[in-house]
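**Student:** So the chains spell out like this:
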Amino acid sequence: MAPNYGTDEWESEYQAMLARRREKEPPYIYFTPEWTALYEKLIQQDAQYKEAAKDWEGSVVLHVEPAPDYGLDIDLYVFMDLWHGDCRSIRLVPPEAGEAGDFVITGSLERWTQVAKKELDSVKGMMQGKLKLKGDLPTIVRSVRAAQRLVDLSAEVGGIFPTEATEEQREEFKKAMQEVAALY
Amino acid sequence: MGETFTRVGPENLGIFLAPGAEEAGMASMMAEMISTNLQNKPGRVKDYNALRGTIWITATDAEVDITLAFTGGGLIVHGGKVGHPILQISADSATLMDLANITIKYGMPYYFDEVGKQVLNKIKSGEIKIKGMVPHIMELTRLTKIMSVK
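Residue numbers (my numbering), protein chains in the order written: chain G, 1 to 184; chain S, 1001 to 1150.
For the record, the hints were derived by calculation from the structure and aren't laboratory data.
Check the hints yourself; a few may be wrong.
Quick list of in silico lysine-lysine cross-link-like pairs, DSS-like style, CA-CA up to 30 Å [to be verified]:
hint, chain 1, residue 1, chain 2, residue 2
1, S, Lys1041, S, Lys1150
2, S, Lys1122, S, Lys1150
3, G, Lys117, S, Lys1041
4, G, Lys50, S, Lys1041
5, G, Lys54, S, Lys1131
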């Protein structure tokens, strides 16, 4: 049985999984724990984000809906713990923790891929109903530049898109998602 | 009406989404933003109560348009263009977000800070198009106040 999210045991198991998975060199597949760790580091080092988000308080969660055709059999929650320009951590968390985030942006894997490839602007995506936002809208509108920078950085991490992965990479992605689900 | 129109926010504000409007994400966003703003800033309810007429807003890059039908204390948000709008506003999605970030100072929109100047420049350059602004400047001011998250 998986330890409860938020406990030291959960974090310890997450870190152990991450260490195992990071033995392989990049490029990593988008939304895997090892890709998420690179994303975390990039945000932590980004001066532009720090400035834009200096007043920001609260977590932002990217919710990726299941896409079994691409090897994603679970609801994936990329939980970003953000505070006044700092990115304290990014983890792939269980659904109940993800849904409890302050701001949850939901979209299909194809939509998130478009966002990461800069083919779809996140604000435009929300206006078109392609991405759904849950949370206090005025707060996120007030910090729209910080939110856009977060999305831009996801494109800068680089990596392999699950929608464009080879059969072998897709199997690898599926395996990574099974490891994530084991911590749910 | 309750069966087909979706209420957004508390009953006393009387904000509804027309049937099918939720398909345009912008309609839900606008309804929710106005509702939350009025709850957070009750001083702006008098502007909301005084606002009458329909306003058409288009996000040009997203190819999404909505109509805000204000009835003086009530609002129905429709997808698409409905009726005969007194004001027609078109801009790209990011610029519409700028409009929601205009500072309200001494009860009026303030155009002399960074966001305000950007908005004025975009009106001048045609990136924001506002039809009906001159005869309906009061309605535009009231809309700006209830839309602004600042």
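**Student:** Can the restraint linking Lys117/G and Lys1041/S be considered satisfied, given a maximum Cα separation of 30 Å?
**Tutor:** violated, 38 Å
**Student:** For the pair we were handed, Lys54/G and Lys1131/S, check the Cα-Cα distance against 30 Å.
**Tutor:** violated, 36 Å
**Student:** For the pair supplied as a hint, Lys50/G and Lys1041/S, confirm whether the alpha-carbon distance does not exceed 30 Å.
**Tutor:** holds, 28 Å
**Student:** Quick one, are Lys1122/S and Lys1150/S close enough, alpha carbons at most 30 Å?
**Tutor:** holds, 20 Å
**Student:** Does Lys1150/S sit within 30 Å of Lys1041/S, going by the straight-line distance between their CA atoms?
**Tutor:** At roughly 10 Å apart (the allowed maximum being 30 Å), Lys1150/S and Lys1041/S satisfy the hint.
In this structure, the hints that do not hold are numbers 3, 5, in rising order.
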